[in-house]
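From first to last, the protein sequence lines are chains A and B.
If you're matching positions, the first sequence starts at 1 in our numbering and goes up one per residue.
If you're matching positions, the second sequence starts at 1 in our numbering and goes up one per residue.
If you are wondering where the hints come from, they were derived from the structure by calculation, not from laboratory data.
Incorrect hints may appear among the rest.
Stated by the list, open to error - The calculated lysine to aspartate or glutamate pairs, modelled on EDC-like cross-linking and capped at a C-alpha distance of 20 angstroms, are: (1) A:K264 to A:E290; (2) B:K119 to B:D98; (3) A:K264 to A:D300; (4) B:K13 to B:D98; (5) B:K119 to A:D77; (6) B:K13 to B:D77; (7) A:K391 to A:E74; (8) B:K119 to A:E51; (9) B:K119 to A:D311; (10) A:K334 to A:E346; (11) A:K334 to A:D311; (12) A:K73 to B:E113; (13) A:K264 to A:E116; (14) A:K73 to B:D77; (15) B:K119 to A:E74; (16) A:K391 to A:E290; (17) A:K73 to A:D365; (18) B:K119 to B:E101; (19) B:K119 to A:E76.
So you can see what is in the structure, the chains are spelled out below.
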Amino acid sequence: MTVTSEEIVGRFEAQGHGAFVEDYDPRDQHMTINMGPVHPATHGVLRLLLELDGETVIRCEPRIGYLHTGIEKECEDQNWRSAVTAVTRMDYLAQLHNEQVYCLAVEALLGVEVPERGRYIRTMMAELNRVSSHLVWFGTQALDMGAMSGMFYGFRERELVTDFFEMVTGLRMNNGYFIPGGVWEDLPTGWERPLMHILDLMPGRIDEYEALLTENPVFLERTVGVGAISRDDALAQGATGPIARASGVDWDIRRDAPYEVYDKVSFEVPVATAGDVYARYQVRMAELRESVQIVRQLADGMPGGDFKNMDPKLTPPPRSELNRSMEAVIHHFKLMTQGYTVPPGEVYVAVESPRGELGCYVVSDGGSSPYRCHMRDPSFVNLQSLPVMVKGGLVADLIASIASVDPVLGGVDR
Amino acid sequence: MTAYEPEWVQPDKWRARAETLHAEGWQVRDLCGLDALTLGFEHRFEAVVQLIAGTGDRRTIHVVAAGDPPTAPSVVDLWPTVRFMEREAYDLVGIHFDGHEGLSRIMLPDEWEGHPLRKDYGVGKVAVEFIPQPFLQVDAPGQSTMKDEAQVRLDRLGQVVEAGTETETAGS
Numbered sequence: 001m002t003v004t005s006e007e008i009v010g011r012f013e014a015q016g017h018g019a020f021v022e023d024y025d026p027r028d029q030h031m032t033i034n035m036g037p038v039h040p041a042t043h044g045v046l047r048l049l050l051e052l053d054g055e056t057v058i059r060c061e062p063r064i065g066y067l068h069t070g071i072e073k074e075c076e077d078q079n080w081r082s083a084v085t086a087v088t089r090m091d092y093l094a095q096l097h098n099e100q101v102y103c104l105a106v107e108a109l110l111g112v113e114v115p116e117r118g119r120y121i122r123t124m125m126a127e128l129n130r131v132s133s134h135l136v137w138f139g140t141q142a143l144d145m146g147a148m149s150g151m152f153y154g155f156r157e158r159e160l161v162t163d164f165f166e167m168v169t170g171l172r173m174n175n176g177y178f179i180p181g182g183v184w185e186d187l188p189t190g191w192e193r194p195l196m197h198i199l200d201l202m203p204g205r206i207d208e209y210e211a212l213l214t215e216n217p218v219f220l221e222r223t224v225g226v227g228a229i230s231r232d233d234a235l236a237q238g239a240t241g242p243i244a245r246a247s248g249v250d251w252d253i254r255r256d257a258p259y260e261v262y263d264k265v266s267f268e269v270p271v272a273t274a275g276d277v278y279a280r281y282q283v284r285m286a287e288l289r290e291s292v293q294i295v296r297q298l299a300d301g302m303p304g305g306d307f308k309n310m311d312p313k314l315t316p317p318p319r320s321e322l323n324r325s326m327e328a329v330i331h332h333f334k335l336m337t338q339g340y341t342v343p344p345g346e347v348y349v350a351v352e353s354p355r356g357e358l359g360c361y362v363v364s365d366g367g368s369s370p371y372r373c374h375m376r377d378p379s380f381v382n383l384q385s386l387p388v389m390v391k392g393g394l395v396a397d398l399i400a401s402i403a404s405v406d407p408v409l410g411g412v413d414r
Numbered sequence: 001m002t003a004y005e006p007e008w009v010q011p012d013k014w015r016a017r018a019e020t021l022h023a024e025g026w027q028v029r030d031l032c033g034l035d036a037l038t039l040g041f042e043h044r045f046e047a048v049v050q051l052i053a054g055t056g057d058r059r060t061i062h063v064v065a066a067g068d069p070p071t072a073p074s075v076v077d078l079w080p081t082v083r084f085m086e087r088e089a090y091d092l093v094g095i096h097f098d099g100h101e102g103l104s105r106i107m108l109p110d111e112w113e114g115h116p117l118r119k120d121y122g123v124g125k126v127a128v129e130f131i132p133q134p135f136l137q138v139d140a141p142g143q144s145t146m147k148d149e150a151q152v153r154l155d156r157l158g159q160v161v162e163a164g165t166e167t168e169t170a171g172s
């Protein structure tokens, strides 16, 4: 004999437990826990508010802001050039992309041209930055899947790239290398040798990573079909970059709206359709190979000439000029104290960072510092698609999904 | 690619405009608050929306936020991606979005006063003080271990004193 739920409710009410039945909330059986903000798998200070039914994620809500440093406000106090040192600290794994998008926005407002060598250097360094950023993603994705050696392999090659950054810019991270009008300093003598060493090494090393993970049954078990997001959901949640491309959105700003010198290089944009963690892994690994090819093309075609716009109203004169020319001293004094002014206006510029569309919205009121400098950080927006990915999955799969979103909390919280 | 001029939309027209744009296939890429205190506009606050079409065309729409507090209609039901962005504009610039459920601070602590990206916000003039929070903070209703604030008393070291366990300290 089967008992219907109405009969059970009737029995409870007959025994005077009506209030109990009314108050019954199925959520009482769910457990609400905080994952983070200090957790090795959240890639920083991200807190996920999880509602769990056993091991199943019913609801996931990212709580952010633990790394908020007010960089957008900070930019309003800097002059146009020194704000580069503020924006480079947002997404600290793609620091040169932050500088690049900010410089492109300021150049659009100023209406200045960047010499071809400056554009080549900027594109090459930004693309190399994509390699180093994807290597960190590879290491953390492998580590979160239990393959600890992946972390060692990824950081081993990233060290070569950061050494090259140190050689060129003087700093390993937070370079402050790009300026509106070009780059701060020319490439040092003998820059080709360490770069060619990296480029010759990387294809073999990427084969090594793929040998570690691509057909690894444990890795496949943890990633295939896990954290899937459909094309429509990815578009609705505003996901860009590898997440959107792994869900079948064939869009890459480098190819479809070329900036700098991306129209002078040839490359493929990898796209997958499965939309799961494994598809995002495939897309990023293919991007890694393409980026190495792009850097090689740019290094081979590096033109000569000026590396920054030599307009004296924009760029301080060289040291040797200061001893001879009063005009140079005046320009130097004006640039170092007040900075240059930018015509009033607003502009939104977007570049393809390793994580997706990195946008910069800059407003000028004609003064010598930005009136408003807003960054559309891809990590911040992509994090919204995480609840869609993990809903109904296991907690262990949540870890795989976070790693595949690749959020950088410095960029999320800004 | 077509170049679109930026346009300004009044708050009462924004819903209809957004529905038209959504039907035409425009996606929101960015939404941020702007305090145009000294820019010489007729209004002070606006939300700046960056849209992109499937063809790669981009356009900028300034949604005026009128009233006090400045309010504009939310479009989170049309484009779910603006969920975080509207919260950020509310948090940092103080623009309210009508129809956005769970419009709360996203970057700053809930007890923060003021909106830092406003031009009249006193940077460096206001000392930042955080209200002591209990160690474990669970956000689901009814599960919080946080005591009623009126019952919580702090001793001189900032520790929570349980009622009735207070001891006299020398020199007080």
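Violations among the numbered hints: Checked against the structure, the hints that fail are numbers 2, 7, 8, 9, 10, 14, 16, 18, while the rest are satisfied.
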